[in-house]
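A.B. asks: What follows is the residue order along each chain.
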Amino acid sequence: MIEVRDLRVRYGTRTVAHVPELDVGAGECVAVVGESGSGKSTTLMALLGLTEGAEVSGHVRVCGVDVLTAPARRLREIRGARVALVMQSPQAALSPTTRLGVLMRRALDLHDVDASERAMAEAVEAVLLDPAILRRYPHEVSGGQAQRFAIALALALGAEAVLADEPTSALDVTVQAEVVGVLRRLRKERGLALLLVSHDLALVSTIADRVLVMKDGEVVESGPAARVLAEPSHPYTRELLEALP
Amino acid sequence: MTVPAPVLRAERVTLGYGRTAVVHDVSLDVTEGGVGLIGESGSGKTTLARAFLGLLAPMSGAIWYGDQNLKKLDMRRFRRDVQPVFQAEALDPRMSAGASVAEALPRKERDRVPALLEKVGLPAEVAGRRPHQLSGGQRQRVVIARALAVSPRLLILDEPTSALDVTVQARILDLLAGLGTERLLITHNLAVVSRLCRTAHVLFAGRVVESGPTAELLARPAHPYTLALRDAVPKLGGAPPPARGRTEARPAATGCPFRLRCPLAVAACERAPEPREVGEGRRAACHRAEELLS
Numbered sequence: 001m002i003e004v005r006d007l008r009v010r011y012g013t014r015t016v017a018h019v020p021e022l023d024v025g026a027g028e029c030v031a032v033v034g035e036s037g038s039g040k041s042t043t044l045m046a047l048l049g050l051t052e053g054a055e056v057s058g059h060v061r062v063c064g065v066d067v068l069t070a071p072a073r074r075l076r077e078i079r080g081a082r083v084a085l086v087m088q089s090p091q092a093a094l095s096p097t098t099r100l101g102v103l104m105r106r107a108l109d110l111h112d113v114d115a116s117e118r119a120m121a122e123a124v125e126a127v128l129l130d131p132a133i134l135r136r137y138p139h140e141v142s143g144g145q146a147q148r149f150a151i152a153l154a155l156a157l158g159a160e161a162v163l164a165d166e167p168t169s170a171l172d173v174t175v176q177a178e179v180v181g182v183l184r185r186l187r188k189e190r191g192l193a194l195l196l197v198s199h200d201l202a203l204v205s206t207i208a209d210r211v212l213v214m215k216d217g218e219v220v221e222s223g224p225a226a227r228v229l230a231e232p233s234h235p236y237t238r239e240l241l242e243a244l245p
Numbered sequence: 001m002t003v004p005a006p007v008l009r010a011e012r013v014t015l016g017y018g019r020t021a022v023v024h025d026v027s028l029d030v031t032e033g034g035v036g037l038i039g040e041s042g043s044g045k046t047t048l049a050r051a052f053l054g055l056l057a058p059m060s061g062a063i064w065y066g067d068q069n070l071k072k073l074d075m076r077r078f079r080r081d082v083q084p085v086f087q088a089e090a091l092d093p094r095m096s097a098g099a100s101v102a103e104a105l106p107r108k109e110r111d112r113v114p115a116l117l118e119k120v121g122l123p124a125e126v127a128g129r130r131p132h133q134l135s136g137g138q139r140q141r142v143v144i145a146r147a148l149a150v151s152p153r154l155l156i157l158d159e160p161t162s163a164l165d166v167t168v169q170a171r172i173l174d175l176l177a178g179l180g181t182e183r184l185l186i187t188h189n190l191a192v193v194s195r196l197c198r199t200a201h202v203l204f205a206g207r208v209v210e211s212g213p214t215a216e217l218l219a220r221p222a223h224p225y226t227l228a229l230r231d232a233v234p235k236l237g238g239a240p241p242p243a244r245g246r247t248e249a250r251p252a253a254t255g256c257p258f259r260l261r262c263p264l265a266v267a268a269c270e271r272a273p274e275p276r277e278v279g280e281g282r283r284a285a286c287h288r289a290e291e292l293l294s
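Quick mapping for you: the protein sequence lines, in order, are chains G and X.
First residue of the first sequence? That's 1 in UniProt numbering, and the numbers climb one at a time after it.
First residue of the second sequence? That's 1 in UniProt numbering, and the numbers climb one at a time after it.
Be aware that one or more of the hints could be misleading.
Claimed, not checked - Across the chosen pairs, the derived CB separations fall in these ranges:
hint, chain 1, residue 1, chain 2, residue 2, range
1, X, 92, G, 97, 32 to 42 Å
2, X, 162, G, 25, 32 to 42 Å
3, X, 264, G, 235, 42 to 52 Å
4, G, 52, X, 109, 44 to 54 Å
5, X, 264, G, 23, 50 to 60 Å
6, X, 279, G, 227, 34 to 44 Å
Stated by the list, open to error - Capping the alpha-carbon separation at 20 Å, the derived lysine to aspartate or glutamate pairs in DMTMM-like fashion look like this:
hint, chain 1, residue 1, chain 2, residue 2
7, X, 72, X, 11
8, X, 235, G, 239
9, X, 119, X, 103
10, G, 188, G, 28
11, G, 188, G, 23
12, X, 235, G, 209
13, X, 119, G, 189
14, X, 235, G, 200
15, X, 235, G, 231
16, X, 119, X, 174
17, X, 235, G, 23
18, X, 235, X, 216
19, X, 235, G, 166
To be verified - Heads up, incomplete: computed chain G residues facing chain X, CB under 7 Å, no partners named:
hint, residue
20, 35
21, 169
22, 173
23, 175
24, 205
25, 245
Worth flagging that the hints you see were computed from the coordinates, not collected in a lab.
Backbone N, C-alpha and C define an ideal beta-carbon position, used for all residues, glycine too.
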């Protein structure tokens, strides 16, 4: 679903992210872990061709589209519809004067997805929300609800891959557990490919199959989550693990 | 053994904004060894912190500093004794770190700035830098140095590390643990409380639902909300608890506020449970506390 080889993102002469290899297949979850400035979010944005002003080289294939060479029209087709982006504060991206149901309908129309009211309600129920939420405005829902609505939107659009950037770091811990639980289930039941960017190794360990640890723009360690977390080979990974409270 | 008198005490305090109460009838002592207030967004923990700092007058009840009611206290003295440490955004962007710390010192003592910076683990050259030239962890250290400038008895810390990277967070916690100043810590992070506080209080919907020694409270919660909080924290290699879709239930307006989210709720929970003693030094407001503990 996602295939990256030797991706380099540069601003001027500075390389802010370099990823030699990254693959996420259907039903898999890969996590990119690192602290501020490690290049983890830049990597995620590069997968959608959203690194404006940067020089990007390498090979990036997402849902069959060569992101670095495809025309803008082709990228718009996959963004949102086949690959969904879930950000830290989805509320900021929701129009404050539009009910969530109307918003979902517009997104579906934009991508020519023909979905019944029933299908919309089902997408919302799949993330453990009451379909009544479709009648609410963004300010009437909590952070955790908005986060799950963003995931429901991806489901309604038939997304095959979800890219999530710190999806739960602004949420309370009980709500966070619920969002992670939803993502885990959707992965299994619908074969969603999930790329998760996070600074929280403990959280990552509960959901990811593979982990890439980034520091100062470089991948310092990667491998199966269980191995990387149990036997870290890079001192920075060890430092991250030791810092866990 | 004599129990030392609390530094600060909330006695049946109700707090709010306008006519809306957000903290209801809370009594708690800020004692030695660190006290933690644990709660999620909207639980009232920051409102309580503001009342303890004398920034918000109670709608009813009283805050006591020693044997004096905060309402009638000389605030000049109090402000020196009890210092806030909030998230690092509180620094003036136009002032150098050194000037920010110096501002808190009397004119004659301004030569203490290097010593204060050293105390919080900052190199001397940081004094000349402005906040945007510092990392998040360095900014938080400057905020702590500023609070320490007046040699306070108590620090009131509101989420002091939650915006920081984990490795930086760990170092700030080490610093705070080694300071030797009394502290009231407000956070949603249970690990931070277990690191820095001997006693913990768990807030839900503006009420203290459980109190006790931190280690015991987290090892054997007596309130289902404490249990839910503890089990929701992701553990390395562990599985997250199953998603139930319950977290959006609003606090119940009558009876136990947690009952609509509580997996243990029974008919009795429509009657509000009073906080009561459930073990040595432990209190919980739950009809089923004994079952949870057994």
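A.B. asks: State for each hint whether it applies.
C.D. replies: So, going through the hints one by one against the coordinates:
1. X:92 <-> G:97: 32 to 42 Å: holds (37 Å)
2. X:162 <-> G:25: 32 to 42 Å: With Cβ atoms ~35 Å apart, the hint holds.
3. X:264 <-> G:235: 42 to 52 Å: holds (45 Å)
4. G:52 <-> X:109: 44 to 54 Å: holds (51 Å)
5. X:264 <-> G:23: 50 to 60 Å: violated (44 Å)
6. X:279 <-> G:227: 34 to 44 Å: At roughly 42 Å between Cβ atoms, residue 227 (chain G) and residue 279 (chain X) fall inside 34 to 44 Å, so the hint holds.
7. X:72 <-> X:11: holds (15 Å)
8. X:235 <-> G:239: Roughly 17 Å between the alpha carbons, so the hint for residue 235 (chain X) and residue 239 (chain G) holds.
9. X:119 <-> X:103: Since the Cα atoms of residue 119 (chain X) and residue 103 (chain X) sit roughly 17 Å apart, the hinted pair holds (cutoff 20 Å).
10. G:188 <-> G:28: holds (9 Å)
11. G:188 <-> G:23: holds (18 Å)
12. X:235 <-> G:209: Status holds; Cα separation ~16 Å.
13. X:119 <-> G:189: violated (54 Å)
14. X:235 <-> G:200: holds (10 Å)
15. X:235 <-> G:231: At roughly 16 Å apart (the allowed maximum being 20 Å), residue 231 (chain G) and residue 235 (chain X) satisfy the hint.
16. X:119 <-> X:174: holds (12 Å)
17. X:235 <-> G:23: violated (25 Å)
18. X:235 <-> X:216: Status holds; Cα separation ~19 Å.
19. X:235 <-> G:166: holds (17 Å)
20. 35: With a closest approach of 4 Å, the residue 35 (chain G) hint holds.
21. 169: Not OK, violated: residue 169 (chain G) not within 7 Å of chain X, min 9 Å.
22. 173: Because about 4 Å separates residue 173 (chain G) from the closest Cβ in chain X, which is inside the 7 Å limit, the hint holds.
23. 175: holds (5 Å)
24. 205: holds (5 Å)
25. 245: holds (3 Å)
Hint check: violations occur at hints 5, 13, 17 and 21; the rest are consistent with the structure.
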